[in-house]
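Peer 1: Below are the chains, spelled out letter by letter.
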Amino acid sequence: MIGRHGNKVRASIAEALAPLEDGMTILVGGFGLSGNPEALIAGVVERGVRELTLVSNNAGNLGKGLATWLRAGIIKKVICSYIGNNQDLHTRMASGEVKVEITPQGTLVERMRAAGAGVPAFFTPTGAGTVVEEGKEVREIDGRRVILERALHGDVALVRASKADRFGNLRFWRTARNFNPVMATAARRTIVECDELLDNGAIDPDDVHLPGIFVHEIVHVPQHENAFEYKTVRPRP
Amino acid sequence: MTWTTEEMARRAAQEIPAGAIVNLGIGLPTLVADYLPPGHAWLHSENGLLGTGPFPYEGDEDPNLINAGKQTVTVLPGGSTFDSAASFGMIRGGHVDLAILGAMQVSETGDIANWAVPGGKVMGIGGAMDLASGCRRVIAMMQHTTKTGEAKLVPKCTYPITAIGVVSLIITERGVFEPLGAGKGFRDALH
Numbered sequence: 002m003i004g005r006h007g008n009k010v011r012a013s014i015a016e017a018l019a020p021l022e023d024g025m026t027i028l029v030g031g032f033g034l035s036g037n038p039e040a041l042i043a044g045v046v047e048r049g050v051r052e053l054t055l056v057s058n059n060a061g062n063l064g065k066g067l068a069t070w071l072r073a074g075i076i077k078k079v080i081c082s083y084i085g086n087n088q089d090l091h092t093r094m095a096s097g098e099v100k101v102e103i104t105p106q107g108t109l110v111e112r113m114r115a116a117g118a119g120v121p122a123f124f125t126p127t128g129a130g131t132v133v134e135e136g137k138e139v140r141e142i143d144g145r146r147v148i149l150e151r152a153l154h155g156d157v158a159l160v161r162a163s164k165a166d167r168f169g170n171l172r173f174w175r176t177a178r179n180f181n182p183v184m185a186t187a188a189r190r191t192i193v194e195c196d197e198l199l200d201n202g203a204i205d206p207d208d209v210h211l212p213g214i215f216v217h218e219i220v221h222v223p224q225h226e227n228a229f230e231y232k233t234v235r236p237r238p
Numbered sequence: 006m007t008w009t010t011e012e013m014a015r016r017a018a019q020e021i022p023a024g025a026i027v028n029l030g031i032g033l034p035t036l037v038a039d040y041l042p043p044g045h046a047w048l049h050s051e052n053g054l055l056g057t058g059p060f061p062y063e064g065d066e067d068p069n070l071i072n073a074g075k076q077t078v079t080v081l082p083g084g085s086t087f088d089s090a091a092s093f094g095m096i097r098g099g100h101v102d103l104a105i106l107g108a109m110q111v112s113e114t115g116d117i118a119n120w121a122v123p124g125g126k127v128m129g130i131g132g133a134m135d136l137a138s139g140c141r142r143v144i145a146m147m148q149h150t151t152k153t154g155e156a157k158l159v160p161k162c163t164y165p166i167t168a169i170g171v172v173s174l175i176i177t178e179r180g181v182f183e184p185l186g187a188g189k190g191f192r193d194a195l196h
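Heads up: the sequence lines are chains A and B, in that order.
Convert by adding 1 to the 1-based position in the first sequence; the result is the number in our numbering.
Convert by adding 5 to the 1-based position in the second sequence; the result is the number in our numbering.
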């Protein structure tokens with residue numbers, strides 16, 4: 002018998018993505034193009050699965066990242082918080098090719114935190130008195146109007162970490178952390194793309210950002226594009 | 006009297022107490038940071054950064070160190086990074102003292118509309134609803150009227166609402182205003 006936490010390191014992106022199937026709900030870390038699992042995102046298009054439900058804050062931008070999934074026509078539904086200037090999503094939403102569910106960003110992440118922590122639903126004040134209430138139970142608790150929001154589970158989460166050890170303990174870099182660790186907790190199978198792969202023990206237990214219990218497969222990808230969306234700088238004095 | 010956007014930002018900066026945790030919304034409110042003395046307040050970016058610093062020097066920019074507007078930034082000594090759940094927990098949990106947000110309409114009961122234009126392209130909600138309903142104090146910073154001259158300080162919002170009854174102060178190019186409640190309009194807090 003082999004437990005779920007035996008050998009997690011995979012030799013290739015294709016091997017790591019082999020369990021994907023048509024129609025799955027896939028959680029993908031990143032805030033815009035920051036902290037994207039770039040090689041896994043590209044690998045899903047090559048893998049050829051379709052009819053996916055994508056959960057992501059932005060679903061790509063500037064034709065990059067998850068916008069490549071939209072262009073490949075493999076998504077039937079997107080659950081996100083912000084579209085902004087993501088033209089690939091705007092056009093497909095307008096044509097009806099892709100169904101889009103927009104949710105407040107804090108609610109989006111809390112729904113996944115709840116899923117990972119075994120909480121099926123929770124009441125939140127965010128969105129009270131707005132269109133977000135539509136079709137949901139609304140109550141007053143402690144004098145505040147609150148909305149019942151449900152946990153959001155994924156079949157698979159694709160996560161980008163800066164460092165992973167072989168058990169899957171993770172560290173993240175700066176604001177590339179964003180949705181990544183929360184999504185890792187909310188999926189039945191979490192696949193991690195790490196910049197650096199380390200031996201167990203190389204990350205001090207007190208310095209682990211996400212414990213390896215939430216990680217099932219690891220691929221080492223040393224090179225990343227790390228695209229800028231808005232490069233803003235000031236002149237040197 | 007008509008303020009420039011710089012004067013509006015300078016006035017908004019006066020509303021930030023020393024040692025406060027502040028979230029500056031995308032657009033006009035980001036200018037407020039330029040008028041805060043160094044070390045005066047801690048800027049929170051909802052993508053997971055507290056202690057947001059100025060734009061990096063040319064050549065030092067890191068695509069994985071950005072603010073909520075996806076601009077490259079720096080992190081100040083004492084700053085920290087964290088995941089989105091912790092970040093929105095800070096907002097929803099009332100740990101962020103003040104949000105200065107752009108707005109399309111604010112009503113006399115303090116309702117704010119700043120995420121969608123009726124009939125316009127849907128840009129999404131992002132952190133707007135969490136910030137407006139979760140931060141301890143909300144200031145709206147906006148032009149006084151629309152480009153076609155319609156009032157943005159209104160008895161009741163006609164644009165899709167972001168949060169109800171949350172705005173306590175409005176800063177426009179015409180001054181500083183307080184919503185007074187249903188049927189009571191706005192108080193001109195400058196004159």
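None of these hints come from the bench; they were simulated from the model.
Nothing here was measured: the structure is a model prediction, and the numbers come from that model.
Backbone N, C-alpha and C fix where the C-beta goes; we use that ideal spot for every residue, glycine too.
Please note that a few of the clues may not be correct.
[Said to hold, decoys possible] PhoX-like cross-link-like pairs, simulated, lysine-lysine; straight-line CA separation at most 20 Å:
#	chain 1	residue 1	chain 2	residue 2
1	B	K152	B	K189
2	A	K137	A	K100
3	A	K100	B	K126
4	B	K126	A	K78
5	A	K77	A	K65
6	A	K100	A	K78
[What the hints assert, rightly or not] What the simulated footprint calls covered on chain A by chain B, stretch by stretch (three residues with Cβ under 8 Å from a Cβ of chain B suffice, anywhere in the stretch; the number is not a length):
#	region
7	67-80
8	188-198
Peer 1: Could you run down the list of hints and mark each one as holding or not?
Peer 2: These are the hints, each one checked on the structure:
{"no.": "1", "hint": "B:K152 to B:K189", "in the structure": "violated, 26 Å"}
{"no.": "2", "hint": "A:K137 to A:K100", "in the structure": "holds, 19 Å"}
{"no.": "3", "hint": "A:K100 to B:K126", "in the structure": "holds, 15 Å"}
{"no.": "4", "hint": "B:K126 to A:K78", "in the structure": "holds, 18 Å"}
{"no.": "5", "hint": "A:K77 to A:K65", "in the structure": "holds, 18 Å"}
{"no.": "6", "hint": "A:K100 to A:K78", "in the structure": "holds, 5 Å"}
{"no.": "7", "hint": "67-80", "in the structure": "violated (count 0)"}
{"no.": "8", "hint": "188-198", "in the structure": "violated (count 0)"}
Of the numbered hints stated above, those contradicted by the structure are hints 1, 7, 8, listed in ascending order.
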